[in-house]
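**Q** So you can see what is in the structure, the chains are spelled out below.
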Amino acid sequence: MWDNSTIQMIEVGVLETLYMTCMSTFFGYVLGLPFGIILAVTDKNGICPNRIVYRILDVVANILRSIPFLILLILLIPFTRAIVGQSYGSSATVVPLVIAAAPFIARMIESSLKEVDAGVIEAAKSMGAGPFTIITKVLLVEARTSIAVGVTIAIGTILGYSAMAGTVGGGGLGDIAVRYGYYRYEEDIMIVTVVLLVLLVQVFQFVGMKFANAINHK
Amino acid sequence: MAQIEISNLSKKFDDALVLKDINLSIEQGEIFGIIGMSGAGKSTLVRCLNYLEKPTSGEVIVEGEALSDLSEQALRDKRKSIAMIFQHFNLLMQKNVLDNVAFPLIIQGHNKKDARQKAREYLKEVGLADKEKAYPSKLSGGQKQRVAIARALASNPHILLCDEATSALDPQTTASILELLKQINQKYHITIVLITHQMEVIQKICDRVAIIEKGNLEEIGTVTDIFTAPKSAAGRRLIINKGEAEEIKELAEESKLRIVFETNSTYEPVIANMILYLKEPVNILYANTKDVNGTAKGEMILGVTNSQKSIVTQYLQERNLTVSEVTEDVG
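So the protein lines, in turn, are chains A and B. Residues in the first sequence are numbered consecutively from 1, following our numbering. Residues in the second sequence are numbered consecutively from 1, following our numbering.
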């Protein structure tokens, strides 16, 4: 059973999982970072308070975060097909992963930015800094350690979601675990894939935290 | 026209009126103190000077421009000439000392290289040239405030606002920071507006002082005048500091008189002669000399009986000493 094709299949699974995780994290931040910044600055204690904008984004984030991922995956099938051209495989899984991850990432960005000392923001204002300068040169810089910790958490969560997408033909290690381990009772394959998933999360967590500490001067 | 004109300024937070009809003018080049207990509204007042807080009514006119007339962009430009330092320093924790000092220049659109070069000069000015690579978390409070002062100087301001700049520092460090502020005032002719709750700070470096209490401007004058003869109750409370006031209060004398004199004003042993003249003892409750803006001032509180009070007052006033009765509102 542990022939070359099985090993090759697991190798492909690992690569697909990495591909989905990295692509989804990247695009998740492409959407989630501005989303989170707007949440943080339009909050009533933010630098450009705007009740209406904040309320709308707040509700959107809450709705998207409360839909279970599996349901989102199915709901988004037409949308995924329109973007990727097919609704199965690892590229297709990236679409719902990004939609699920973005509001979660936005919330983490929002909370990281809100941790920045109000006194430092006030100092920047007193020097004549405008909102854009405060965001790019104060908020994002001062919050970078907290943001890096957030990226580590996001990667772990997205990796877990990507495995869940396996149940509906999403590709990657989760897909293998479900098809071989669960449907065919090949428990050894299931165990190997699960161990690999655990290892990947460990590696990302370790590297992420090392990086976050390395850039912290506080 | 004065460099900073505040007219009929009031500020409300929700329903609380924290500043009531403040009128004040601050001249170019002076060190102007604003003193009050915490909650008096002084931090709000200083933030009205660069519109970090917008007054509810009234005007702030800085160098001829009413801040309320300025657009957001024009206000930001105006702030570049009004630097500010803070009680908790407010340095960027993730940038090193050099980049902190260069920061206002970066905001003003200078390139990084020029900004750093200028920043180095100002670091030298505050005596921290060797710390440029250090991060703020590795510095002491006094060093952090020096970095903040260098950062304030970097934007080449005309006015420096100090919000409780020495309140988080120990007495020695406070003295050295005040010394530095005085040097800056003299060297660059920067007007300094200094907010504090510590009378010692005012005495040490300010030319003039305004006393505010519960949002009201109680008294304004030269530091020497206010120290010698405070007119308002708030002024008297601030001149006699809390610990001393407590001790004095406990002494059950009938009347207490405070006299102020220049230590070198007379060679006559006034009190001794007065006692000989009265042929009755008076009780010296408290005596001290204080450095008020560079001159030593003597201060003494006498306990006298009610029958002695008018004769003692007259005797001392004839010898050109300032005498005022210390009433129970002290402390």
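Possibly wrong hints are sitting among the right ones.
[As the list claims (entries may be wrong)] With a cut-off of at most 27 Å between alpha-carbon atoms, the simulated DSSO-like pairs for lysine-lysine come out as follows:
(1) B:K118 - B:K95
(2) B:K78 - A:K44
(3) A:K137 - B:K187
[Said to hold, decoys possible] Over the 10 Å line for every Cβ pair with chain A, so calculated as not near, a few chain B residues:
(4) E30
(5) N50
(6) S68
(7) D77
(8) P136
(9) I184
[Stated by the list, open to error] Pulled from the structure, derived: some chain B residues nowhere near chain A, Cβ distances all over 12 Å:
(10) N8
(11) Q94
(12) I106
(13) Q108
(14) M274
The hints are simulated quantities; they were obtained by calculation from the structure and are not laboratory data. For clarity, every value in this text was computed on a predicted model and none was experimentally measured. Glycine is no exception: its CB is placed at the ideal position from the N, C-alpha and C atoms.
**Q** Which numbered hints are broken by the structure, listed smallest first?
**A** Hints 3, 5, 7, 8, 11, 12, 13 not satisfied by this model.
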